[in-house]
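Colleague: Each chain, letter by letter, is given below.
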Amino acid sequence: MEKKKRELLLQGNEAVAEGALAAGCRFFAGYPITPSTEIAEYLSQKLPQVGGVFVQMEDELASMAAVIGASLAGAKSMTATSGPGFSLMQENIGFACEAEVPCLVVDVMRGGPSTGLPTSPAQGDVMQARWGTHGDHPIIVLCASSVPECFHMTVRAFNLSERFRTPVILLLDEVVAHMREKITLPLPEELEIIDRVRPTVPPEWYIPYEDNASGVPPMAPFGEGYRYHVTGLIHDIRGFPTSRSDEIGPFFQRLFRKISQNFAEIHMSETFEIEDAEITVVAYGSVARSAKRAVLEARQRGIKAGLLKLMTLWPFDRPAVERVARGSRVLLVPEMNMGQISREVKRVNNGVCTVVTLNKVDGTLITPDEILKRITEVYQDERDN
Amino acid sequence: MREITKLIHKYLRHDKKFPHVWCPGCGNGIILGALIRAIDRLGFTKDEIVLVSGIGCSGRLPVYVDFNTLHTTHGRALAFATGIKLAKPELTVIVIMGDGDAMAIGGNHFIHAARRNVDLTAIIFNNSIYGMTGGQYSPTTPYGMRASTAPYMNIEHDFKISELAVTAGAVFVGRGTVYHARLLDSLIEKALLKKGFGIVEVITHCHVQYGRQNKLGSAVDMMKWQRDNAISVEKAEKLSPEEKRGKIIIGVLVDRELPVYQDEYERIKERAKVSTVRGR
Ligand SMILES: Cc1ncc(C[n+]2csc(CCOP(=O)(O)OP(=O)(O)O)c2C)c(N)n1
Chain A
1 MEKKKRELLL QGNEAVAEGA LAAGCRFFAG YPITPSTEIA EYLSQKLPQV
51 GGVFVQMEDE LASMAAVIGA SLAGAKSMTA TSGPGFSLMQ ENIGFACEAE
101 VPCLVVDVMR GGPSTGLPTS PAQGDVMQAR WGTHGDHPII VLCASSVPEC
151 FHMTVRAFNL SERFRTPVIL LLDEVVAHMR EKITLPLPEE LEIIDRVRPT
201 VPPEWYIPYE DNASGVPPMA PFGEGYRYHV TGLIHDIRGF PTSRSDEIGP
251 FFQRLFRKIS QNFAEIHMSE TFEIEDAEIT VVAYGSVARS AKRAVLEARQ
301 RGIKAGLLKL MTLWPFDRPA VERVARGSRV LLVPEMNMGQ ISREVKRVNN
351 GVCTVVTLNK VDGTLITPDE ILKRITEVYQ DERDN
Chain B
1 MREITKLIHK YLRHDKKFPH VWCPGCGNGI ILGALIRAID RLGFTKDEIV
51 LVSGIGCSGR LPVYVDFNTL HTTHGRALAF ATGIKLAKPE LTVIVIMGDG
101 DAMAIGGNHF IHAARRNVDL TAIIFNNSIY GMTGGQYSPT TPYGMRASTA
151 PYMNIEHDFK ISELAVTAGA VFVGRGTVYH ARLLDSLIEK ALLKKGFGIV
201 EVITHCHVQY GRQNKLGSAV DMMKWQRDNA ISVEKAEKLS PEEKRGKIII
251 GVLVDRELPV YQDEYERIKE RAKVSTVRGR
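Protein chains in written order, with my numbering: chain A, 1 to 385; chain B, 1 to 280.
Bear in mind the hints are in silico, worked out from the structure with no lab data behind them. Since the structure is predicted, the reported quantities are computational estimates derived from the model, not experimental observations. One or more hints might be untrue.
Unchecked claim - Computed from the model, here is a short list of chain B residues facing chain A with C-beta under 7 Å:
1) Arg2
2) Ala79
3) Leu86
Glycine included, every Cβ here is placed at the ideal spot set by N, Cα and C.
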């Protein structure tokens with residue numbers, strides 16, 4: 001008998017929770033905060049049904065710590081939060097980078113800084129997601145723009161975190177987290193699920209942080225014979241603290257290399273009508289949806305517009321932006337912040353074409369009309385030049 | 001080699017680059033010895049034990065021993081440990097913290113771990129000072145004492161770690177000193193056997209920071225002070241509050257039964273299988 005796919009009307013947050021379960025997440029620790037709370041509520045109901053653990057911790061510092069602990073014990077683990085909580089998680093996110101512990105942090109962006117605008121959309125955490133924790137470190141940050149993407153990018157986020165032994169941050173904005181759309185959940189066998197590589201050598205031979213071609217050492221869960229040391233101090237290949245520069249240097253090189261040699265696998269974006277586009281909008285999150293509509297309407301008015309939707313924000317998708325920069329006269333970067341990704345676009349563009357921005361931080365989303373207006377203005381300017 | 005030393009050696013990581021970071025005369029090694037003896041006597045395998053620590057001199061303990069070991073961030077050890085225990089309940093999770101670690105930056109996690117009653121054993125090294133950072137006052141530095149950030153005198157009042165744990169809901173609370181090493185062995189053993197959140201507070205000396213700044217003498221002098229000022233729980237019961245002032249009460253302060261988080265959570269799993277909430 002053919003299995004029936006589930007068709008559901010889900011909120012973005014709920015789709016994240018479904019995606020997590022499909023990816024094999026069996027541990028959630030969190031602390032309630034709008035606009036992310038539905039993820040916790042949904043998982044508090046579903047995780048015990050599948051033998052997983054949901055725990056509400058005393059704050060976000062503890063949540064992030066518990067997530068790392070559970071992952072070290074072998075469980076795929078996650079938390080979800082918003083700005084103020086994301087700030088509190090930063091120190092332990094750094095621990096997960098340093099000790100190379102896979103886990104997922106969902107940050108549903110609301111207006112900030114501080115308590116900010118708890119129920120309004122924003123995209124102000126893009127740079128914090130990249131550099132929120134101290135010290136030099138690579139990180140993977142994804143951003144979803146629809147309910148189906150919430151599901152699929154959660155699965156992908158878990159896959160990337162397991163594959164590269166790194167925390168992955170999934171950014172949503174409040175619009176995407178709270179809107180409801182139809183989603184057809186894939187059957188389990190249709191999904192590619194990646195699990196961390198485990199050691200194949202016997203415990204006596206296991207060197208927990210030894211380099212290999214992938215730069216990702218196999219990871220043994222606690223309690224299965226591979227007794228080793230995990231620390232937030234810079235460590236040697238055995239996991240023991242070191243202050244020897246001949247061990248510190250290679251550690252950092254491997255940490256960065258395991259991500260940088262796989263940019264192509266990590267980068268994900270979509271394009272729309274870019275072949276002959278003179279103006280290409282570069283957008284992410286809910287703004288990318290408004291942008292798509294604006295591009296359609298601009299085309300109806302005879303303006304050759306296109307869209308590059310970024311889905312991987314960090315490591316920054318340089319090849320995708322370079323491609324559209326070469327083909328376009330103008331890149332327009334609309335964002336619900338004062339210009340965080342536009343700086344990266346300018347850096348990568350490096351003077352090839354004109355880069356213009358559209359920044360909005362008044363607690364409301366960016367509408368198709370606003371983007372269309374900007375496209376039209378820019379188009380006129382370019383023609384007059 | 002003496003039997004007792006041989007036993008300790010059985011559990012040390014010989015591939016770790018010794019010497020350790022602790023100052024000569026430090027009490028931390030005595031606590032490490034007591035912990036190893038308790039684990040050995042209870043017959044745990046090395047694979048079953050996870051040793052989790054925070055940051056501080058005390059936090060360096062796990063790296064020396066051949067268990068699953070995790071050196072976390074300052075104050076957060078209990079929260080990491082909670083994640084490990086809930087994800088893999090068959091492991092025995094022991095948490096090592098300093099007084100600053102457990103009472104200042106990690107104070108919130110401490111009271112909530114006690115309230116939540118996840119099956120963890122916490123050992124708190126109370127040396128009344130921030131050792132690792134060079135002798136600043138901690139939440140357990142007594143009023144009137146000196147520290148590098150209280151050069152005139154400490155005007156804050158100290159937490160009583162064990163009493164706080166009792167109030168917050170810990171099912172086992174024991175206090176010992178590094179002078180009373182035998183008692184310490186048995187307190188840790190009892191705490192490990194107890195299901196639920198148990199703590200052992202260990203009064204230890206930091207003669208290098210706290211001792212020097214307060215002219216308390218050598219490590220030996222400070223251990224003699226422990227000997228002369230400790231009274232047992234049984235003895236303390238017969239004394240008036242006046243007579244107990246300034247004394248360290250050692251022994252088992254609390255040993256009680258309360259529902260353990262993991263057992264409760266197993267019941268939630270059963271419930272979740274048969275009922276759906278809000279029709280989802
Ligand atoms: C977030 C953070 N703040 C401050 C520090 C610096 N720090 C390291 S150890 C320590 C105090 C340790 O004192 P205690 O917990 O009493 O342990 P001891 O060293 O005495 O064993 C401090 C403040 C840190 N590592 N992390």
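Colleague: Quick check on the hint: Leu86(B) CB to chain A CB, less than 7 Å?
Modeller: Holds: closest Cβ of chain A sits about 5 Å from Leu86(B), inside 7 Å.
Colleague: Quick one, is the Arg2(B) hint okay against chain A at 7 Å, beta carbons?
Modeller: Where the cut-off is 7 Å and the nearest Cβ of chain A is about 26 Å from Arg2(B), the hint is violated.
Colleague: Checking hints one by one. Is Ala79(B) an interface residue toward chain A, by the C-beta closer than 7 Å rule?
Modeller: Since the shortest Cβ distance to chain A is 4 Å, the answer is holds.
Checked against the numbered hints above, the structure violates only hint 1.
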